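Asks: Could you build the full structure based on these sequences and the hints that come with them?
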Amino acid sequence: MKFKGKRGAEGGAFRKKFFWKKDFLLLFGLILVLAVLIHGTEIQSVEEYYLLHLDDVTPESETVTLSITCQTVFEHEKVLDPALREGDLLPSDGVILPPTEYVLREGDTVFDILSRAVRHEKIQMEFQGADKSPFGSVYIQGIHWLYEFSCGPLSGWMYRVDGEFPQCGCSRYSLHDGQCVEWIYTCELGKDIGAEWMGGQR
Amino acid sequence: MRGNAGRENAFSRLHPAVLMTFFLSELLLTVFLPHPVLQAEALVGGLLFCLLLWGGEFLRELGFYLPLFVLVALTNPLFSHNGVTPLFFLNGNPVTWEALLYGIFLAVSVTGVLFWCKAYSRVMTSDKFLYLFGKVAPRLSLVLSVALRFLPAYLAQSKRVERAQKGVGLYAGESFTDRIKNRLRVFVAMVSWSTENAMEVSASMKGRGYGKKGRTNFSLFKFTSADGVFLALILSLTALTLCGAAAGMKNFAFYPRVSRVELSPVSFAACLSFGLQSLLPALWEGKERILWKYYVSKI
Numbered sequence: 421m422k423f424k425g426k427r428g429a430e431g432g433a434f435r436k437k438f439f440w441k442k443d444f445l446l447l448f449g450l451i452l453v454l455a456v457l458i459h460g461t462e463i464q465s466v467e468e469y470y471l472l473h474l475d476d477v478t479p480e481s482e483t484v485t486l487s488i489t490c491q492t493v494f495e496h497e498k499v500l501d502p503a504l505r506e507g508d509l510l511p512s513d514g515v516i517l518p519p520t521e522y523v524l525r526e527g528d529t530v531f532d533i534l535s536r537a538v539r540h541e542k543i544q545m546e547f548q549g550a551d552k553s554p555f556g557s558v559y560i561q562g563i564h565w566l567y568e569f570s571c572g573p574l575s576g577w578m579y580r581v582d583g584e585f586p587q588c589g590c591s592r593y594s595l596h597d598g599q600c601v602e603w604i605y606t607c608e609l610g611k612d613i614g615a616e617w618m619g620g621q622r
Numbered sequence: 226m227r228g229n230a231g232r233e234n235a236f237s238r239l240h241p242a243v244l245m246t247f248f249l250s251e252l253l254l255t256v257f258l259p260h261p262v263l264q265a266e267a268l269v270g271g272l273l274f275c276l277l278l279w280g281g282e283f284l285r286e287l288g289f290y291l292p293l294f295v296l297v298a299l300t301n302p303l304f305s306h307n308g309v310t311p312l313f314f315l316n317g318n319p320v321t322w323e324a325l326l327y328g329i330f331l332a333v334s335v336t337g338v339l340f341w342c343k344a345y346s347r348v349m350t351s352d353k354f355l356y357l358f359g360k361v362a363p364r365l366s367l368v369l370s371v372a373l374r375f376l377p378a379y380l381a382q383s384k385r386v387e388r389a390q391k392g393v394g395l396y397a398g399e400s401f402t403d404r405i406k407n408r409l410r411v412f413v414a415m416v417s418w419s420t421e422n423a424m425e426v427s428a429s430m431k432g433r434g435y436g437k438k439g440r441t442n443f444s445l446f447k448f449t450s451a452d453g454v455f456l457a458l459i460l461s462l463t464a465l466t467l468c469g470a471a472a473g474m475k476n477f478a479f480y481p482r483v484s485r486v487e488l489s490p491v492s493f494a495a496c497l498s499f500g501l502q503s504l505l506p507a508l509w510e511g512k513e514r515i516l517w518k519y520y521v522s523k524i
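Protein chains in written order, with this note's numbering: chain A, 421 to 622; chain B, 226 to 524.
Computed beta-carbon distance windows for the label pairs:
1) A:K552 / B:K406: 31 to 41 angstroms
2) A:G556 / B:V361: 51 to 61 angstroms
3) A:K552 / B:P377: 37 to 47 angstroms
4) B:K406 / A:L472: 52 to 62 angstroms
5) A:F555 / B:R285: 49 to 59 angstroms
6) A:E584 / B:F412: 56 to 66 angstroms
7) A:K611 / B:V454: 57 to 67 angstroms
8) B:L284 / A:L472: 43 to 53 angstroms
9) B:L284 / A:K552: 35 to 45 angstroms
10) A:E480 / B:L293: 51 to 61 angstroms
FYI, nobody ran anything at the bench for these hints, they're computed from the structure. Because the structure is a prediction, the values reported are computed rather than measured. Cβ coordinates follow ideal geometry from the N, Cα and C atoms, glycine included.
Replies: Take a look at the structure:
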């Protein structure tokens, strides 16, 4: 009996030590996961995020023109989200960004120009990353608090380059000098802004 | 004499039809009226009632609800970037004040509904549920009552299994990892128990002739004048709240800018009536307890 009791006590002490080790392993694993998460996260203050200064337009620099408009919203005011109707949230003429010239950097896509422009003009924008989209391209969910589906079930943002609606996502379209990019809000899947190929006629 | 004479709380002694009306109205209004004032009232009412029902035990359970509240409130701004007031930018996406407020609103709503569901499971016992719906839809009501009872019964049984295992001397490790392992082992045992139990319940109910004609109920409930007053009160309060909802309270928006809380007479009345309705169980419970203390003191 005596022997048994002694052995039990020793076993208990040994077990305790061993279990503490296991707990430490778990803790270590958790810290590792947290470290990876924190390392992959970039936190910026509001002042840091908004770009105060962009590349200056010089005679030899390549440029593109960018504009953001939402006139179609006013033709479909009945289905517009009530929260957007009140006050001065949307510009009364539908022009969020008048045609402005931006310097084109090497390999810039439509998305690069747009994100640089909204950061400079302090326009709100939310997008879905290319890794989350089935098309392998960035998808623009909302600009200036005007989101997809904010104005009826067929509404959302589309872009036009030199009068044509490209058939690819905005982060896959590389731009050249002198092109004109327009971001236009549609309420009828492109029909109301002249994008026939999506409007369902063909 | 009421059926459940042994129960200590006054509110559950009301007629099952009244209780059912109250819980349906309270839960549906809380879920479908996205207005911050109404949600806060539902939360406070549910919290007070649960405190009166469980006392100190419930305070300990707040250790679960509080982290849940914080988690829900903080998750929303991480995934929703709408709103006019950016606080800071996370990986190029704004974390906004509006999204944070909406997260808090969601957390208030979720915990409020959880509190009321908890109170429901305590007050509307399965005999009351079967009394109400056993005759109209025997099968459905049995399935529903078994399903609603499942979680509490499951927790009680799993505690029993755990205690038995500890009593035998198994799985008494002190480390956190070991405790998780033990829980998993208990869980495996519980899966087989729960399937078996569900079958046993239905077989036993069949053996007792459940759903046959001429079968009476285990508990009998009489609809008294107090029940009538309560029912009328609940229905009129619900109607008033619905008037407020129809007058535009349901259009409260958080994005892109938080709407203002309207101070029109209709919405004010709706807030008042829903607040009274949410506090009704706690008030009734408190009143009865004070009366009881008073009577005891006179003996």
